[in-house]
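4 protein chains.
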Amino acid sequence: MKIGFIGLGNMGAPMARNLLKAGHAVRVFDLDAQAVQALVDAGAQAAGSPKAAATDAECVMTMLPAAAHVRSVLSADDGVLAGIAKGVTIIDSSTIDPASVKAFAELAARHGNSFVDAPVSGGTGGAAAGTLTFMVGGSASAYEEVKPVLAAMGKNIVHCGDTGTGQVAKICNNLVLGITMAGVAEAMSLGEALGIDAKVLGGIINTSTGRCWSSDTYNPMPGVIDSAPSTRGYTGGFGTDLMLKDLGLATDAARFAHQPVYLGALAQQLYQTMSSKGAGRLDFSAVIKLYRDDGRDASNSNGGGA
Amino acid sequence: MKIGFIGLGNMGAPMARNLLKAGHAVRVFDLDAQAVQALVDAGAQAAGSPKAAATDAECVMTMLPAAAHVRSVLSADDGVLAGIAKGVTIIDSSTIDPASVKAFAELAARHGNSFVDAPVSGGTGGAAAGTLTFMVGGSASAYEEVKPVLAAMGKNIVHCGDTGTGQVAKICNNLVLGITMAGVAEAMSLGEALGIDAKVLGGIINTSTGRCWSSDTYNPMPGVIDSAPSTRGYTGGFGTDLMLKDLGLATDAARFAHQPVYLGALAQQLYQTMSSKGAGRLDFSAVIKLYRDDGRDASNSNGGGA
Amino acid sequence: MKIGFIGLGNMGAPMARNLLKAGHAVRVFDLDAQAVQALVDAGAQAAGSPKAAATDAECVMTMLPAAAHVRSVLSADDGVLAGIAKGVTIIDSSTIDPASVKAFAELAARHGNSFVDAPVSGGTGGAAAGTLTFMVGGSASAYEEVKPVLAAMGKNIVHCGDTGTGQVAKICNNLVLGITMAGVAEAMSLGEALGIDAKVLGGIINTSTGRCWSSDTYNPMPGVIDSAPSTRGYTGGFGTDLMLKDLGLATDAARFAHQPVYLGALAQQLYQTMSSKGAGRLDFSAVIKLYRDDGRDASNSNGGGA
Amino acid sequence: MKIGFIGLGNMGAPMARNLLKAGHAVRVFDLDAQAVQALVDAGAQAAGSPKAAATDAECVMTMLPAAAHVRSVLSADDGVLAGIAKGVTIIDSSTIDPASVKAFAELAARHGNSFVDAPVSGGTGGAAAGTLTFMVGGSASAYEEVKPVLAAMGKNIVHCGDTGTGQVAKICNNLVLGITMAGVAEAMSLGEALGIDAKVLGGIINTSTGRCWSSDTYNPMPGVIDSAPSTRGYTGGFGTDLMLKDLGLATDAARFAHQPVYLGALAQQLYQTMSSKGAGRLDFSAVIKLYRDDGRDASNSNGGGA
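Protein chains in written order, with our numbering: chain W, 1 to 306; chain P, 1001 to 1306; chain L, 2001 to 2306; chain H, 3001 to 3306.
One chain only, chain W, in its complex shape (with noise of 0.2 Å):
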């Protein structure tokens, strides 16, 4: 197949790979020249703009930080609706507010395109491993279209609903994710004070009803679970600006439908002073370091910029 792919960054330069690797003819854009470069090396063909990345695409796949960066990718004069073909489908994997993608999927639809929103998770490890897992926004005959296209770069493609329903699943599952990690970093923090040990903490967590992926998996106290970020320095794994990122997804969207959300609004505070305090690219379970020490460490490992 012919694919247009707009946007190399840490995410979408492995997933255009594994496009490759599955045999697809992938033609790429990035105004960043070095990673164009670097996937012309792995058998891309390099585009000039939008446009060119979409014009005879089978199908056109975008992935970019934020809203702004897919409306102008769309609408510009050498924007993707410039060049691509009627009939053709447009599946962004951005994370971004399911009213942008309703939106953009009405301009794509004035063009005689499909509009598809397939956010991800699995970070840049599945992405690397083509084991991604895309949420699908889209009618039941759009999600068979690009079913077999994703397939080649995650191993999960599950279907939300209609348009704008695979953003609404990846904000709502990153607000129960940013909210119970700040609980596990609470609870494991005032366990440490009343003076049990944090393994033995863990394990009854683990096996009881206060169990969740931010303590059996990843959990924030440093010890606890050998193969987590917070084990390491809280290096790699998911940036806490990228949890602000998608908090202040989940309290825009919110906010748009009247919908209160209490503790994701004080989860998203949490995350803001971590970041204040230079710590925006420690993994995000770092927050813990507001619970444990006083701020002084809260940049103190590498990964805390400026």
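I should point out that these hints are in silico values taken from the structure, not numbers from a laboratory.
If you're wondering where the values come from, they're calculated on a predicted model, not measured in any experiment.
Hints are not guaranteed to be accurate.
[Said to hold, decoys possible] Calculated Cβ distances over 12 Å to all of chain W for the following chain H residues:
| id | residue |
| --- | --- |
| 1 | 3048 |
| 2 | 3058 |
| 3 | 3110 |
| 4 | 3114 |
| 5 | 3125 |
| 6 | 3162 |
| 7 | 3193 |
| 8 | 3292 |
[Claimed, not checked] In the DSS-like style, the derived pairs of lysine-lysine whose C-alpha atoms are separated by at most 25 Å in a straight line are:
| id | chain 1 | residue 1 | chain 2 | residue 2 |
| --- | --- | --- | --- | --- |
| 9 | W | 102 | P | 1245 |
| 10 | L | 2245 | W | 102 |
| 11 | L | 2199 | H | 3086 |
| 12 | W | 199 | W | 155 |
| 13 | H | 3199 | L | 2147 |
| 14 | P | 1155 | W | 199 |
| 15 | P | 1199 | P | 1102 |
| 16 | P | 1102 | P | 1051 |
| 17 | H | 3155 | P | 1102 |
| 18 | L | 2199 | H | 3147 |
| 19 | H | 3086 | H | 3102 |
| 20 | P | 1155 | W | 147 |
| 21 | H | 3102 | L | 2102 |
| 22 | P | 1199 | W | 199 |
| 23 | P | 1245 | H | 3155 |
| 24 | W | 155 | P | 1199 |
| 25 | W | 245 | L | 2245 |
| 26 | H | 3102 | P | 1245 |
| 27 | L | 2199 | H | 3102 |
| 28 | L | 2155 | H | 3199 |
| 29 | W | 199 | P | 1086 |
| 30 | W | 245 | L | 2155 |
All residues carry an ideal CB built from backbone N, CA and C; glycine is no exception.
Chain W is already provided as a structure; the job is to place chains P, L and H on it using the hints.
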């Protein structure tokens, strides 16, 4: 073994029955004569006071609502310490604050007795089935001693560390639980408002990083998990007022430890709001009513008191 | 002076009238023809577009609901910038985010115009009476230039600093306001539950360290302050949805500044809860209903929409 | 009048001095012999026990750290009730929970004595100057009786209602205070981050709807109010740990009344964070350090303990 058992409420009564079933001789005391009679009918002996229950016992168990009751049962003129022989261990399965446990252990030590905290999880169902989890705080030798007794009532007997750490484990687990449940309630309600199917959203969260007991076993949105209280009108299960009690213990313990618990304190206010609306006896997952319905439904289901 | 005035809503209309009363020649534009006609009846000239309103004007004022409207009114084909003469100052009294102000100021500068932010406080009453407070962001010379114009509509014209600081001042003040009102609501409700007379409690707070505008002028408990909206069923005053808009601006600005606003984010959720219950048009002091009544009363008073 | 006075701490000592200055005969007791000697030097008589201080007294005053101390001073074998004559009124100026006040009043009533709660505001400065505010809970006749005694130590003697309402008034006022201070800290810090001059912002808030004691008298941003603790390194003033104690009383009272206090509970966690960083003895307005500095500065100024 001769066991004195004090406190025959919803939890204590089935626990004492399981001790009888295991072949122990159980002497029981409760202020409620009917509760005592029911145990006598099952083979127990009635005692006229905690002191009488403790006299000649080889082990004494207490299962009471709060620290004040434990204090009184121990140290009143006709209390346990007035009757118990030196060297006999007292096991307290009440859920109380760790500081009180330490005070009671010192009091018992002055009388030549060990005091072991062994709060439970598993609810009235687990108490009846003999499948409770006991979180045990005490010396390694005290743990070895009480383990066979507790094994008649539970299937997981976990040694948490020194005196008081059983309570710490329970409080910290339930702190996570109270936060994750309210977090899942926010996310499921937000998803509903944004138009995603609840079962689909639950399915995604339960196989992703938002995965937690509050979602995959006890999801607060009706219809997602068939066996959850949410699917039967929030009846049975773990009452809101009990969650409120445990979050109260957690935030109090945090206060004395000078340890912040932001999300825990906020979650406490959410359950408090439910309780103030008359929903204190509904399962704690009914907290989702704060997000989905207007308040008029908070006390609609049975179980909602005055 | 010849003044172009765009935006004749609840605030803009009386402001434009006061400009007429002060002897200015005012050319008005609004999408609502009735609103335009009412001003024409009062002596204004009607303009067919923002461009027409700006043509030949010596000063242009805008008073619009949100940044998107300001952007469109400025830069559309028939917008202000298409008609305004070089060197003429644009005063925007809308309440919008400081980042948009800066973008608009740059846009205006490229056309040779100054753009001054001058959001107001004082409500529709102050707009009618000409007693508004204007918080002005811009250079010292721009401030001196706009001051006489604004003086026809307000009695306090405060220079806050450079472009955008007028919005910052308004957002920060209303952040304090939203928090103190909810805080007073909590305390007055707690006092009521604990048995103290509301007037006595109000009197003590108002002469003590809890003293604040939300208590001594606008107390949310009915009967404490005779002139407050709480004493007339929470009608009139400053609507919950307007407070929600301003807290949204504050938390958004905080997000972009990587600055935590714990209490602001939580207060926002409280007003959001009111809005989700249909009480968005009640005065914002109705937030006390979350604490005093069960939710069934949240939309009882008039003003509470669907 | 012969007055027994128990509790000669930072507040009690200057209060007792003012009773002496007013011509009363004061018999004092404190566990700290130095504190007693200082009062004896000023003209008081030393008593060897609370009982001795109460014997022959026409009025007994207590000023103690917490309810447990009041209970012990009243009911110990050598306590006040063992020495006091029937009909003599006990005035307790400690800040304690209203439920304890009611219990103490019942205890006193059984001995034929009235117990009046009269907590104060005004700090050590007000205690020395004799300008405290007393919030009095008790019958109208008890109020009339204690008023002349209290007038020697304060200038506002306010009758709040029945027994316990003095404490309710104090707790509710300080709940508002704790919230508004943290709210002003958020807003001033946000304003600073967004580039407005702090003095300008303070001036706007103080003449607008955000006006409050925490801003116009005690602004937490250094340099805004010359006489505020923020301008002298957060020394003196009202300590963070004292605010924490009062917010603890407020949230506990709310728990027992089944009354939510969202912002109060969150504010409590903010002050708790300060205390856990070693800043418990700084003025409570130092909470702004959570927003402005990274944590390393929280305990920088003098006053930051352990």
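Status of the hints after comparison with the structure:
Every CB of chain W lies more than 12 Å from the CB of residue 3048 of chain H, the least distance being 40 Å, so the non-interface label holds. At the 12 Å boundary, the C-beta of residue 3058 of chain H stays outside the reach of chain W, the nearest C-beta of that chain being 48 Å off. Every C-beta of chain W lies more than 12 Å from that of residue 3110 of chain H, the closest at about 39 Å, which supports listing it as non-interface. For residue 3114 of chain H, the shortest C-beta to C-beta distance to chain W comes to about 42 Å, beyond the 12 Å cut-off, and the non-interface label holds.
Every CB of chain W is more than 12 Å from the CB of residue 3125 of chain H (nearest about 31 Å), matching its label as outside the interface. No Cβ of chain W approaches the Cβ of residue 3162 of chain H within 12 Å, the least distance being about 35 Å, so the stated non-interface status holds. Some Cβ of chain W comes within 12 Å of the Cβ of residue 3193 of chain H; the nearest lies about 9 Å off, and the non-interface call is violated. Not every Cβ of chain W is farther than 12 Å from the Cβ of residue 3292 of chain H; the closest lies at roughly 10 Å, contradicting the non-interface assignment.
The straight-line distance between the Cα atoms of residue 102 of chain W and residue 1245 of chain P is roughly 45 Å, outside the 25 Å bound, and the hint therefore fails. For the hint pairing residue 2245 of chain L with residue 102 of chain W, the CA-to-CA distance comes to about 23 Å; that is within 25 Å, so the pair holds. Proximity of residue 2199 of chain L to residue 3086 of chain H is assessed by CA-CA distance (about 35 Å); at most 25 Å being required, the pair is judged violated. Using a Cα cut-off of 25 Å, the hinted pair residue 199 of chain W and residue 155 of chain W is violated, with the two alpha carbons roughly 32 Å apart.
With a C-alpha separation of about 21 Å, the suggested pair residue 3199 of chain H and residue 2147 of chain L falls inside the 25 Å cut-off, and the hint holds. Between residue 1155 of chain P and residue 199 of chain W the CA atoms are separated by roughly 21 Å; this keeps the pair inside 25 Å, and the hint holds. Restraint check: the Cα-Cα separation between residue 1199 of chain P and residue 1102 of chain P comes to about 46 Å, which exceeds 25 Å; the hinted pair is violated. With a C-alpha separation of about 21 Å, the suggested pairing of residue 1102 of chain P with residue 1051 of chain P holds against the 25 Å cut-off.
With a C-alpha separation of about 46 Å, the suggested pairing of residue 3155 of chain H with residue 1102 of chain P is violated against the 25 Å cut-off. With a C-alpha separation of about 21 Å, the suggested pairing of residue 2199 of chain L with residue 3147 of chain H holds against the 25 Å cut-off. Only pairs whose Cα atoms come within 25 Å are accepted, and residue 3086 of chain H paired with residue 3102 of chain H is accepted, the gap being roughly 19 Å. Annotation: proposed proximity of residue 1155 of chain P to residue 147 of chain W is violated, straight-line Cα distance about 45 Å (limit 25 Å).
About 59 Å separates the Cα atoms of residue 3102 of chain H and residue 2102 of chain L, which puts this hinted pair outside 25 Å; it is violated. With a C-alpha separation of about 34 Å, the suggested pairing of residue 1199 of chain P with residue 199 of chain W is violated against the 25 Å cut-off. This hinted pair does not check out: residue 1245 of chain P and residue 3155 of chain H have alpha carbons roughly 42 Å apart, beyond 25 Å. Straight-line distance between C-alpha atoms of residue 155 of chain W and residue 1199 of chain P comes to about 21 Å, which keeps the hinted pair within the 25 Å bound.
Of the pairs offered as hints, the one joining residue 245 of chain W and residue 2245 of chain L holds, with about 20 Å between alpha carbons and a cut-off of 25 Å not exceeded. For the hint linking residue 3102 of chain H to residue 1245 of chain P, the alpha-carbon distance of about 23 Å falls within 25 Å, and the restraint holds. The hinted pair formed by residue 2199 of chain L and residue 3102 of chain H meets the criterion: a straight-line CA distance of about 22 Å does not exceed 25 Å. Between residue 2155 of chain L and residue 3199 of chain H the alpha-carbon distance is near 21 Å, which keeps this suggested pair within the 25 Å criterion.
Only pairs whose Cα atoms come within 25 Å are accepted, and residue 199 of chain W paired with residue 1086 of chain P is rejected, the gap being roughly 35 Å. Restraint check: the Cα-Cα separation between residue 245 of chain W and residue 2155 of chain L comes to about 42 Å, which exceeds 25 Å; the hinted pair is violated.
The earlier numbered hints that this structure contradicts are 7, 8, 9, 11, 12, 15, 17, 20, 21, 22, 23, 29, 30.
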